[in-house]
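If you're matching positions, the sequence shown starts at 1 in the UniProt record's numbering and goes up one per residue.
Please keep in mind that the hints were generated in silico from the structure rather than gathered at the bench.
Do not rely on the hints blindly, as some may be mistaken.
What the hints assert, rightly or not - Derived pair list, reagent style PhoX-like, types lysine-lysine, alpha-carbon separation capped at 25 Å:
hint : residue 1 : residue 2
1    : Lys-246   : Lys-266
2    : Lys-36    : Lys-52
3    : Lys-58    : Lys-36
4    : Lys-178   : Lys-205
5    : Lys-153   : Lys-266
6    : Lys-249   : Lys-178
7    : Lys-279   : Lys-153
8    : Lys-58    : Lys-45
9    : Lys-178   : Lys-246
10   : Lys-68    : Lys-153
11   : Lys-68    : Lys-279
12   : Lys-216   : Lys-178
13   : Lys-290   : Lys-279
14   : Lys-266   : Lys-249
15   : Lys-266   : Lys-290
16   : Lys-36    : Lys-68
17   : Lys-290   : Lys-246
18   : Lys-45    : Lys-68
19   : Lys-205   : Lys-279
Unchecked claim - So the derived label-pair ranges between C-beta atoms look like this:
hint : residue 1 : residue 2 : range
20   : Glu-13    : Lys-216   : 39 to 47 Å
21   : Arg-19    : Ala-59    : 18 to 26 Å
22   : Lys-205   : Gln-177   : 22 to 30 Å
23   : Ala-232   : Gln-15    : 33 to 41 Å
24   : Leu-42    : Met-77    : 17 to 25 Å
25   : Leu-42    : Glu-219   : 36 to 44 Å
26   : His-65    : Lys-216   : 35 to 43 Å
27   : Tyr-74    : Gln-40    : 43 to 51 Å
No residue lacks a Cβ here, since even glycine has one placed at the ideal position from N, Cα and C.
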Amino acid sequence: MEQQLRVLITVAERQNFSRAAEELHMTQPAVSQYIKSLEQTLGCKLLERSNKFVRLNKAGEIVYHHGKEILGLYEHMQNLVHDLMHTPSGHLTIGASYTYGEYVLPHVIARLRELYPLITPTITIHNSRVISAQVATRELDVGIVESEYAGDKLEMEPFADDRMYMIVSPDHRLAHQKEVSREELAEETWIVREEGSGTREAAEKMFRDLQIVPRKRMEFGSTQIIKESVEAGLGISLISFWAIRKERKLGTLSTLNLAGTPVMRKFSLVTQSHSFHTKALELFLELLRKQKSLPEEG
1 MEQQLRVLIT VAERQNFSRA AEELHMTQPA VSQYIKSLEQ TLGCKLLERS
51 NKFVRLNKAG EIVYHHGKEI LGLYEHMQNL VHDLMHTPSG HLTIGASYTY
101 GEYVLPHVIA RLRELYPLIT PTITIHNSRV ISAQVATREL DVGIVESEYA
151 GDKLEMEPFA DDRMYMIVSP DHRLAHQKEV SREELAEETW IVREEGSGTR
201 EAAEKMFRDL QIVPRKRMEF GSTQIIKESV EAGLGISLIS FWAIRKERKL
251 GTLSTLNLAG TPVMRKFSLV TQSHSFHTKA LELFLELLRK QKSLPEEG
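Required output: the full structure, derived from the provided sequences and hints.
Dropping the structure here:
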């Protein structure tokens with residue numbers, strides 16, 4: 001059934017038998033036969049077909065989502081058995097929130113590849129909520145998030161510190177003040193991340209803790225877009241130290257001073273609860289745990 005599920009999942013994601021066959025290195029009749037065999041085994045149709053599309057019906061959606069989890073478990077089992085007999089190797093699926101994934105993770109992956117060249121990582125970057133959900137369904141082996149939320153199936157382990165700064169354009173009226181007031185900050189346009197983002201979560205917590213009620217907001221889905229927008233003078237934002245290191249050195253972004261800032265938070269590892277870890281995953285986690293704190297400010 002493993003191959004039948006793999007074929008169904010590929011057809012559902014490509015929405016086309018020909019493209020699925022090409023990706024699976026099979027003939028189109030073979031793909032059709034696998035689907036037919038799976039439908040016979042389960043006793044129901046799984047796909048709706050026309051000349052223009054192929055898509056899952058309700059039963060197909062159930063099989064698709066559970067099938068992805070089953071294949072994840074199957075691959076995990078294979079990796080565990082392989083680890084008993086061989087040096088660290090194999091596939092490792094890693095998810096990370098935008099801040100960590102775009103500004104820190106590449107350096108960790110470079111070190112991983114240097115030490116263990118037979119481990120092949122695949123990286124997914126999304127907001128913290130999505131990454132946690134994909135770990136829960138075994139689409140990812142591990143997640144690195146900024147959120148403090150963990151579901152029933154997950155274990156969350158804080159492993160590294162982060163400092164978050166309020167940033168403005170160097171030409172902004174507040175840029176050269178020794179300290180700003182809450183009232184001044186409330187009058188500014190705040191550029192925030194989307195719901196589900198750990199950075200958005202940190203900003204909302206700061207607003208509550210410091211009793212700042214922004215009168216104007218804009219919501220963007222990328223840290224890079226937020227940095228560019230702040231630099232262009234569109235507003236102010238709260239951003240991780242990691243994301244603004246280069247801009248601070250170049251002088252293209254300035255940070256504001258207010259009692260209670262910078263805002264401190266933790267990056268956390270998210271893994272499946274009560275799950276065996278492959279050797280590749282253990283080695284990756286070990287690399288991450290060595291990174292306990294931020295470098296000193298320059």
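Lys-68 and Lys-279 were given as a pair; does the straight-line alpha-carbon distance stay at or below 25 Å? Given pair Lys-68, Lys-279 holds - Cα atoms ~22 Å apart, limit 25 Å.
Between Lys-279 and Lys-153, does the CA-CA distance stay at or below 25 Å? With Cα atoms ~21 Å apart, Lys-279 and Lys-153 stay inside 25 Å; holds.
Are Lys-178 and Lys-205 close enough, with their CA atoms no more than 25 Å apart? holds (24 Å)
25 Å Cα cutoff - pair Lys-45, Lys-68: holds (18 Å)
Quick check: does the Cβ-Cβ distance between Lys-205 and Gln-177 fall within 22 to 30 Å? holds (24 Å)
Are the Cα positions of Lys-205 and Lys-279 separated by 25 Å at most? violated (37 Å)
Taking 25 Å as the top limit, are the C-alpha atoms of Lys-290 and Lys-246 close enough? holds (23 Å)
Holds or violated: are the alpha carbons of Lys-36 and Lys-68 at most 25 Å from each other? Satisfied, since the Cα-Cα distance of roughly 19 Å is no more than 25 Å.
Quick one, are Lys-266 and Lys-290 close enough, alpha carbons at most 25 Å? At roughly 14 Å apart (the allowed maximum being 25 Å), Lys-290 and Lys-266 satisfy the hint.
Hint consistency between Lys-266 and Lys-249 [alpha-carbon to alpha-carbon, up to 25 Å]: holds (24 Å)
Pair hint Lys-249 and Lys-178, alpha-carbon separation not exceeding 25 Å: Judged against 25 Å, a Cα distance of about 19 Å means the pair holds.
Can you let me know if the beta-carbon spacing of Leu-42 and Met-77 is within 17 to 25 Å? Taking Cβ atoms as reference, Leu-42 and Met-77 lie about 23 Å apart, which means the hint holds.
Going through the hint list in order, the structure does not satisfy hints 19 and 27.
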